[in-house]
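Enquirer: Residues per chain are reported as follows:
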Amino acid sequence: MQHRLKQLFLWLSFVAPIFFMNPALVQAQKSDLDLSIKPTVTYLTVEPGQKKTFQLTIAHNGTTPLTVIPQVVEFTPHSETGTPQLDLETTVGFVTVQNEVALPITSFKLLPHTQQQLTVTVNPPLDIIQKEYHLSVLLKADAANQPNLNLKNNSITSAIVASNLIALISSENIGGGPLTISQIQTNSIFDSLKPLKFKVQAKNEGLKAAPIKGRVRVLNWTNQEVASFSLAPTMILGESSRNLEYSVNGSTSDEFSYDQPFIIGPFTLEASLESASEPANTIIIKKRVLALPISIISLFLIAGLIYLTVIYFRQHRSLLPSLKKSFNLNNKT
Amino acid sequence: MNKNFLVIVLGSILLLALYILTPTASADRLESSSYIIQFGNFNVTAGEKSNANFKVTDTVGQTADGPYGIYGSSNYSIGSGFQYIYQIGEFAFSISDLNIDFGELGINVFATDSNVLTVSSRGAGGYIVYAYEQHQLRHSDGTATITDTTCDNGDCTQSSAKIWTNGTKNGFGFNMTGDDIITDFTNSNYYRHFADNSLSESMQPVMSSASAVTDHQATVKYQISVNASQPAGTYQTHLVFVAVPGY
Chain P
87 MQHRLKQLFL WLSFVAPIFF MNPALVQAQK SDLDLSIKPT VTYLTVEPGQ KKTFQLTIAH
147 NGTTPLTVIP QVVEFTPHSE TGTPQLDLET TVGFVTVQNE VALPITSFKL LPHTQQQLTV
207 TVNPPLDIIQ KEYHLSVLLK ADAANQPNLN LKNNSITSAI VASNLIALIS SENIGGGPLT
267 ISQIQTNSIF DSLKPLKFKV QAKNEGLKAA PIKGRVRVLN WTNQEVASFS LAPTMILGES
327 SRNLEYSVNG STSDEFSYDQ PFIIGPFTLE ASLESASEPA NTIIIKKRVL ALPISIISLF
387 LIAGLIYLTV IYFRQHRSLL PSLKKSFNLN NKT
Chain W
14 MNKNFLVIVL GSILLLALYI LTPTASADRL ESSSYIIQFG NFNVTAGEKS NANFKVTDTV
74 GQTADGPYGI YGSSNYSIGS GFQYIYQIGE FAFSISDLNI DFGELGINVF ATDSNVLTVS
134 SRGAGGYIVY AYEQHQLRHS DGTATITDTT CDNGDCTQSS AKIWTNGTKN GFGFNMTGDD
194 IITDFTNSNY YRHFADNSLS ESMQPVMSSA SAVTDHQATV KYQISVNASQ PAGTYQTHLV
254 FVAVPGY
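Respectively, the protein sequence lines represent chains P and W.
The numbering used here puts the first residue of the first sequence at 87, with every later residue one more than the last.
The numbering used here puts the first residue of the second sequence at 14, with every later residue one more than the last.
Hints are supplied without guarantee of correctness; some may be wrong.
[Unchecked claim] Derived Cβ-Cβ restraints for the label pairs, each shown as a range:
#1 P:P198 x W:E117: 51 to 59 Å
#2 W:K234 x P:L212: 48 to 56 Å
#3 W:H148 x P:T153: 14 to 22 Å
No lab work stands behind these hints, which were simulated from the structure alone.
Computed from a predicted model, the values in this text were never measured in an experiment.
We put the CB at the ideal spot given by N, CA and C, even for glycine.
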């Protein structure tokens, strides 16, 4: 017994420390380039002739020393998804990027496991067109020490990471929006056996970005609510459009879906938006759709057609042999 | 006696190891040799809560939580409190290997290489990753190029992936598998070529998500084949991935 206890203690003294090892010592495979940038988006209002600044921080957790070149470009928000569509050919003269001592920089080195703080200055001239500018501060990163290119068939890969800047250049104090609903995209007639799916596109008719707040409902023929979707608080940038989204299963989707085993009759799709600047003004758009058992009707029609065809040939049996004969003659020729 | 002594010694060593290796937990200690946290507080409740319909994070009991000021109406805006950490969340993008090496190319056989793109986007609006090439794979003396693939049936483009399994259909293209990839990469046999910046082709989206994501990964597989008439030498190009967060 004592011998066994001794063996147990011996075993434990070697094994136990393993359970107390710091898990952080186990390291995942490192990437050549591993950049992070924050903040991801900055909203600013600047009067023409004035100046505002904000800080950007870029960190590199990869293994390869990088050369980073900053650039500021304009983007256009996609009319449905709101995704920034960059125009890499643009230059934005009134936004500059400086280092931590406020000197303009055209490029800088970023070593592994270091970070660089940048100062972005927005300084619009007095004669600038007053509107909301949709910009991205791009940081283009290449390996600082390129491999010897002359010896290999290869492709060098580099990355550009962006931080978005929504800059409202205005001498007036204006609120966001107004938001309107452009359209409810859906078919007018649905199959009763399929989900009722639709998208709702909203538009910001104002100069300034506004958050979406509201909901979408599905009402049946008695005006009773059968489905309700709270809208995700995404932003619609000034003078742009975007599909409304709602949260589902930890994600967001712009395709609203009312899914029941069988639906029939008229339904009303209702989208309502609250205005950020005038909450009392709610925009409501409705669209009527009709759910019909199209697939069931089609099935009956096809079955009926087959039935009638069979009946017809039964009643006209004499036709069959002559048809067969003419078919065989055709094959022989 | 000797046996009992040995047991005691071994037991003591074990206890000492537990004491040394176990991290200390310090409650209500808001300072160290490199920082002091002023206005630290214990919260009533905090963290992430979710069900099938929503997901929320909260912190109850913090002091002086914001906001203060407002975008467009004042000349300042302060988000004060732990929840505002989501507004200063970072956007992260990594490429596992910056150098894609095809080695020596055989005739009418594929050479491949790959790397992994990883994206984390905690802010609203998700993200999108675009891709383009500076030019087609070009000979080191600038005289010849390896064209971009048009796949087996000559119908894939920079924006539409098609099947490419025939090594005699020469060219350079790429396939993607993994999270958030564009839907026309139906399987590992579907390829596109890169948008060619030298021909003013617009860069194309290759990964995107409308939601916040953490460590979403996609593997990019590069594929190339040449024929016997391709001039000997080394060929290079420069690929660029542009990662943009939402807003």
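Enquirer: Decide, hint by hint, whether the structure agrees.
Expert: Okay, the hints, checked on the actual structure:
A hinted range of 51 to 59 Å is violated for the C-beta pair P198 of chain P and E117 of chain W, which are about 31 Å apart. Look at K234 of chain W against L212 of chain P: about 53 Å separates their beta carbons, and that is inside 48 to 56 Å. A hinted range of 14 to 22 Å for the beta carbons of H148 of chain W and T153 of chain P is consistent with their spacing of about 20 Å.
Hint violations for this structure: number 1 only, all remaining hints satisfied.
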